[in-house]
Structures are given as C-alpha cells and as structure tokens.
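There are 4 protein chains.
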Amino acid sequence: MEKLSDPGLIQYIYDTVEKTAFYQLVGLQLQSIAKGEAVFTLQTDERHTNPASLIHGGIIMAMADAAMGNAIRSLGVMGVTVDCSTAFLAAAPVGSLLEARGRVLKQGKNMIFAEAYVYSGEQLVGHCKASFFNTGPLQY
Amino acid sequence: MEKLSDPGLIQYIYDTVEKTAFYQLVGLQLQSIAKGEAVFTLQTDERHTNPASLIHGGIIMAMADAAMGNAIRSLGVMGVTVDCSTAFLAAAPVGSLLEARGRVLKQGKNMIFAEAYVYSGEQLVGHCKASFFNTGPLQY
Amino acid sequence: MEKLSDPGLIQYIYDTVEKTAFYQLVGLQLQSIAKGEAVFTLQTDERHTNPASLIHGGIIMAMADAAMGNAIRSLGVMGVTVDCSTAFLAAAPVGSLLEARGRVLKQGKNMIFAEAYVYSGEQLVGHCKASFFNTGPLQY
Amino acid sequence: MEKLSDPGLIQYIYDTVEKTAFYQLVGLQLQSIAKGEAVFTLQTDERHTNPASLIHGGIIMAMADAAMGNAIRSLGVMGVTVDCSTAFLAAAPVGSLLEARGRVLKQGKNMIFAEAYVYSGEQLVGHCKASFFNTGPLQY
Numbered sequence: 102m103e104k105l106s107d108p109g110l111i112q113y114i115y116d117t118v119e120k121t122a123f124y125q126l127v128g129l130q131l132q133s134i135a136k137g138e139a140v141f142t143l144q145t146d147e148r149h150t151n152p153a154s155l156i157h158g159g160i161i162m163a164m165a166d167a168a169m170g171n172a173i174r175s176l177g178v179m180g181v182t183v184d185c186s187t188a189f190l191a192a193a194p195v196g197s198l199l200e201a202r203g204r205v206l207k208q209g210k211n212m213i214f215a216e217a218y219v220y221s222g223e224q225l226v227g228h229c230k231a232s233f234f235n236t237g238p239l240q241y
Numbered sequence: 102m103e104k105l106s107d108p109g110l111i112q113y114i115y116d117t118v119e120k121t122a123f124y125q126l127v128g129l130q131l132q133s134i135a136k137g138e139a140v141f142t143l144q145t146d147e148r149h150t151n152p153a154s155l156i157h158g159g160i161i162m163a164m165a166d167a168a169m170g171n172a173i174r175s176l177g178v179m180g181v182t183v184d185c186s187t188a189f190l191a192a193a194p195v196g197s198l199l200e201a202r203g204r205v206l207k208q209g210k211n212m213i214f215a216e217a218y219v220y221s222g223e224q225l226v227g228h229c230k231a232s233f234f235n236t237g238p239l240q241y
Numbered sequence: 102m103e104k105l106s107d108p109g110l111i112q113y114i115y116d117t118v119e120k121t122a123f124y125q126l127v128g129l130q131l132q133s134i135a136k137g138e139a140v141f142t143l144q145t146d147e148r149h150t151n152p153a154s155l156i157h158g159g160i161i162m163a164m165a166d167a168a169m170g171n172a173i174r175s176l177g178v179m180g181v182t183v184d185c186s187t188a189f190l191a192a193a194p195v196g197s198l199l200e201a202r203g204r205v206l207k208q209g210k211n212m213i214f215a216e217a218y219v220y221s222g223e224q225l226v227g228h229c230k231a232s233f234f235n236t237g238p239l240q241y
Numbered sequence: 102m103e104k105l106s107d108p109g110l111i112q113y114i115y116d117t118v119e120k121t122a123f124y125q126l127v128g129l130q131l132q133s134i135a136k137g138e139a140v141f142t143l144q145t146d147e148r149h150t151n152p153a154s155l156i157h158g159g160i161i162m163a164m165a166d167a168a169m170g171n172a173i174r175s176l177g178v179m180g181v182t183v184d185c186s187t188a189f190l191a192a193a194p195v196g197s198l199l200e201a202r203g204r205v206l207k208q209g210k211n212m213i214f215a216e217a218y219v220y221s222g223e224q225l226v227g228h229c230k231a232s233f234f235n236t237g238p239l240q241y
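So the protein lines, in turn, are chains L, B, C and H.
Residue 220 in the numbering used here sits at position 119 of the first sequence, with consecutive numbering throughout.
Residue 182 in the numbering used here sits at position 81 of the second sequence, with consecutive numbering throughout.
Residue 182 in the numbering used here sits at position 81 of the third sequence, with consecutive numbering throughout.
Residue 171 in the numbering used here sits at position 70 of the fourth sequence, with consecutive numbering throughout.
A few of these clues could be false.
No copy labels: a pair is met if it fits in one copy or bridges any two.
What the hints assert, rightly or not - For lysine to aspartate or glutamate, the following EDC-like pairs were computed, each having C-alpha atoms within a straight-line distance of at most 16 Å:
1. K136 x E103
2. K210 x E103
3. K120 x D146
Simulated from the structure, these hints should not be mistaken for laboratory data.
It should be emphasised that the depicted structure is a prediction, and the values quoted were computed from it without experimental measurement.
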C-alpha cells in the first residue's frame, strides 16, 4: 500500500464519504485509503438481513462498489460505475463485521478497472470486479 | 404474465418481503408477482443518494436482486444468489420512482437463471443478470 | 426489427465480418442485421468441443460478443468491448446449430450497452450482457 | 504455488487438455499446473484477430475460462462454468504472447469460484471472474 501524500485529498474523500446519504443509511465506514486502494467496514445488525437472517447480498454489492469507487478517487479522479459483477462465495451471519477491500487494476484515459474482496472475519464472502467511466479530475 | 394461482404462496411472498429488514431499510416495495416474474418499486429520496445527488448504484443492484429473487420464489422454490452482474445505463435522479422487473430465464435442478431491468420512469437505468443456486421447495 | 436502410453500411458490415480472421477460425456466420440488432449462427462440429464432447463455453461467449458488436455497428458506430458477462444455461451438444441474437439496449455518447441470447435449436444456452466504449462513427 | 503431488492427476490434466478440440483450434497451451492454479499461454497470430488487427476478445475469454477450469481440475474435481465475467483492460497486439493465470478462490460442495488475469507481456489485458458448478470428483 502506497500512502496518500495529499492531505487535502484525504480530507476531501473522508468528508464526502461522511456526506453520502446512502452510506449513512447502510452504515458504511471508510476504514482506510491509500493510493489506488480503499477499505470500507460495516458492523452488521438486524437491519441488514434477508428473511433467512443472513446479510442481504445488496449490502455486499454496495460495500464493494464503495471500496472500488473510493479507491479510484484516491487517484484524484472520479469514476462512474458502468458495470459491476459480484460473486457470493459464502453467507455472512448477522452481527459479523464486514470488510471490503477495493483496488484499482488500471486507470485509463476513458475507463478505469477495479476489483474488491469482501470478508466476514477471515472468510471471503464476496468477490467483485467493475468498470468505471473516468469523468476526470476531482474538484476539491 | 401468467397469474399465480396459489393464494398461499402469494401471501407467503408478500409476508416475507414485508419482514425483510434490508428491504424495509431501503424502502423497497413488492409491486406485483406473477409466474416467474416480480416487480419491485422504490420512491427515491435523499437517503438513497451519492455525493452527486444521484441514486446510488447499490440501490439499483439491490432492487434488481430483489426482483429476481422473488421471481424465483414465485415458482415455489428458493434461490440463493451466486453471481449478479449489473450495468448502469443512465443515472437516476433523486425523487424518481424506480421500478425493477425481474424474470426467470431458466429453472434448473441445480441452477436458476434470471434477468432484471430497472427503470426510472420510461428510462432504462439498470440491466442485470444473475445466477442462483436452487435450494429446493419453499416451506410455507 | 427495423430494417437497415443504408446499403453501403450493410455491405461494409458483411465485408468486415468475412475478413475477421477469428470469426473464420471458429466458423461464425452473420445471419442477419437490422437497426441495433445482429444474428450470428454457427454449425458446430468436433472442432468446437470440450473433453465432454459438448460445445466449449468460449464459443458461446465469442458468438455473443460478435452479435452484440455488430448490432452496435449497425448503428454506424464502433464499440470496443469493455466488459462481457455470460451465463451458461444449458450445454449445447456437438452438431447443434447455434444462433446468437444481439441487441443494443442503449447507445450513449461514451458507453453503449447490449445483450445477447444464444440458442441451440429452441433451447436457450447462453445469456450475455456487455458494455462497450463508443469509439465513434464507422469509416466506410 | 503449492505443487501437485499426484502424478496421475497431472498426467490426466495434460492429456485431456491436449485432446480438447477447441483448445487445439485456438492454439491454447497448458503452461503449468499447481494446487488450485493453472497457467495457459497462446502465441497469437493473424488467425486470432479482429478487423482492427488486434486480438479478438473471444480469445481472452476462452483463455481465462481454460485457466480457471483447469485450476479447478487440479483439485481433483470437475467444474461446469455457470457464469463468466471478463473485463478488457487493454488491447493485445497480434504477435503477442498471451498468458492466462487462473486461481480458485473457493471450493464449495456445490459451487466453486475462481478468477483469472490475462497478460500480454507485462500488460494486464483481461480480468475475469467466474462461478462453476461442482459436478464431483474427476474420474481418472
């Protein structure tokens, strides 16, 4: 992990994450940010469950998307999700602490590619890849 | 659309949807159910937005997954999402009424395949395909 | 299906398909082209099989990509595949005639979205969605 | 990479790869196999091109599928591809040597999950994730 050296960018990313209504609704927290990488966590509870009392897949997908989108923003650019594909490797029990680790694979002029792995404790529960359209430098 | 003829199954589906905590958190509503098809709606508001005040992609993915998962349940079986891939064709503005239409493409002994289209008014904003593991008959 | 009215474009598409080395290697044939739609066929034989003597999944993915890419070209623009996701609904036996039907879902300034269904006779064997980067007008 | 210790399994995998007609048609070579991992290579030439004289995306998808499918077989089981999603990060020029590295992420009783990265020299050109149905022990 290469540390981010621009304190203004770090501040901007944490500020906008905190202001993102959907993250607040779900309870997503930005755990760490590095160059081309971001980690989100979620302390799951009853609000996040499906009828089987397991964590709903929509939570896994949203966390992965957040981790990848902010991994992209760590490079000083903005990416709009074009396509996102998620595999569900195992069920996550309610009460588990989820961690989504996103990483940029390639930053192109037009397209940006990323992947994310979502863990429930030590167990891999989600594997995600996505492509983003590069809308240009962040204004901060 | 072929009507569902089993009132017990219809009741069971509506009941479990209402009890699904994550659907309640987001605000998803089951609009209609037919044989192999389900439609969910969401009246979007500020809670569903990203920093650009557009609807967060996680909402689109969760709606599509709900529409496909319940389209499967309309066949009297339960499917666990294995893989879900979503394309984001256009941004949905806050305040828009979203509608996700899910449809089963094939019900196999082991795997079930489905697709969903998500609309914001007349505009197609999400296109989703997913595969599910068939865990067997619903107990209702 | 809306007919293509530009004979020069039709001719150009058939010509380039015939000159595409990979299509020739596999044996893909452009069956028909309409506005935003294209159909490819393949008479399968032993060359297309996996060790189980079924048609290899790579054939299904290549046909779907061809059908979507040429559905895009029917609109007078060129699309470069960014992401392609394929579900395999059933196995196709050797000797079957495969048909891939591609359709453009949305033509945007930057991104183009498409889907394809691949049939072996009456049976749906492949379901594909893909996103393409719009590289601009075809030069013909 | 953990070495495979069963010489009979190694021999079986190499033998069946050599007998796979579609691999021979395209020119795919099994480069190495380890526990849960497999590497395929392809020396590209004019036969693999699209009209722009770049390597056709179908080649990238087929290589990735081969690398993942044989990574699974290295575990002594057979997996049938259920869903395969590929991102195309960069174009591969004709004449390039392609290398697809597949890896199993999780081997479950019913489902097996894998990923693959395809390189043209040092450059990442393809990123793939896929889910497979576990059809049980290999008979060899």
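Consistency of the hints with the structure:
When the C-alpha separation of K136 and E103 is checked against a cutoff of 16 Å, the pair qualifies only within one copy, where the shortest distance is 5 Å, while the shortest distance between copies is 31 Å. In this homomeric assembly, K210 and E103 never come within 16 Å of each other (Cα to Cα): the closest approach is 22 Å inside a single copy and 35 Å across copies. With identical chains, the CA atoms of K120 and D146 are at most 16 Å apart between copies only, with a shortest distance of 15 Å across copies and 22 Å within one.
Hint check: a violation occurs at hint 2 only; the rest are consistent with the structure.
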